[in-house]
Amino acid sequence: MSDLSNSRMISASGMAAQAARLRLVSENIANADTPGFRAKSVSFQAVSDFMADAGSVRTGRVELSTAELPQIYDPGHPLADENGYYEGANVDLMVQIADAREAQRSYEANLKMFDQARQMKSSILELLKR
Amino acid sequence: MQTNPHIASQLYTNAQNIAKPDGPQSSGSSLFAEMANDFMATMKAGETTAIAGMTGKADAQTVVEALVASEMAIQTAVSVRDRVVEAYQEILRMPV
Chain A
1 MSDLSNSRMI
11 SASGMAAQAA
21 RLRLVSENIA
31 NADTPGFRAK
41 SVSFQAVSDF
51 MADAGSVRTG
61 RVELSTAELP
71 QIYDPGHPLA
81 DENGYYEGAN
91 VDLMVQIADA
101 REAQRSYEAN
111 LKMFDQARQM
121 KSSILELLKR
Chain B
1001 MQTNPHIASQ
1011 LYTNAQNIAK
1021 PDGPQSSGSS
1031 LFAEMANDFM
1041 ATMKAGETTA
1051 IAGMTGKADA
1061 QTVVEALVAS
1071 EMAIQTAVSV
1081 RDRVVEAYQE
1091 ILRMPV
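Line by line, the protein sequences are chains A and B.
The first sequence begins at 1 in the numbering used here and counts up by one.
The second sequence begins at 1001 in the numbering used here and counts up by one.
Treat the hints as calculated values from the structure; they're not laboratory data.
If you anchor each label on the Cβ, the simulated ranges turn out as follows:
no., chain 1, residue 1, chain 2, residue 2, range
1, B, S1029, A, F50, 33 to 39 Å
2, B, A1060, A, E68, 37 to 43 Å
3, B, F1032, A, A109, 35 to 41 Å
4, B, M1094, A, R105, 54 to 60 Å
5, B, V1064, A, R105, 18 to 24 Å
6, A, R61, B, F1032, 45 to 51 Å
Here the structure is a predicted model, which means the values were calculated and not measured.
Using N, Cα and C, we set each Cβ at its ideal position, and we do this for glycine too.
Chain A with its partners taken away, still in its complex shape (with noise of 0.2 Å):
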């Protein structure tokens, strides 16, 4: 394997990478009204030297928002308790946009990059063409 198609393998893999904190955040800002609902983020980690696709990144395990659930007053929710309270989703809607953002960001740089190894390998074999 060339260092270039090295390069395009990395950067397609942070592109699953962002593509999947992409789904998270779809999935909070789906359950923002979900009753006793979490936020879920995930960590993303380097892959290590030893193994065959080292250097491209992967996700790690799923995390559960441990901020405090909000408490709702809606006595004519099915879940309220006695004094008409409810437990809803901790999901913060600016940051579950501000972070699909950064998704979008982060993958068009990976795809750039991967583009960018692309065209490299294209004009190393355009000058063996002449």
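Assemble chain B onto chain A, guided by the hints.
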């Protein structure tokens, strides 16, 4: 002077042994075969992934990844082939 046929045949055998190419026959061709096999594997993987993408079994990113890999393999193979054919034609044009 009388020549000994036995010594002559021994010398001949020695010369044959020296002239014989040693080691595996032309490591260049086996290298080419390896390259061709590698190329075929990449192309097959690209095709399989493209079909999987069309039937909805693979996502767009995987398809792009595999297609770019096969594109690079084709470009390399075509460039090398053109060079080899060119060199062969150069030999054909050589005045004898």
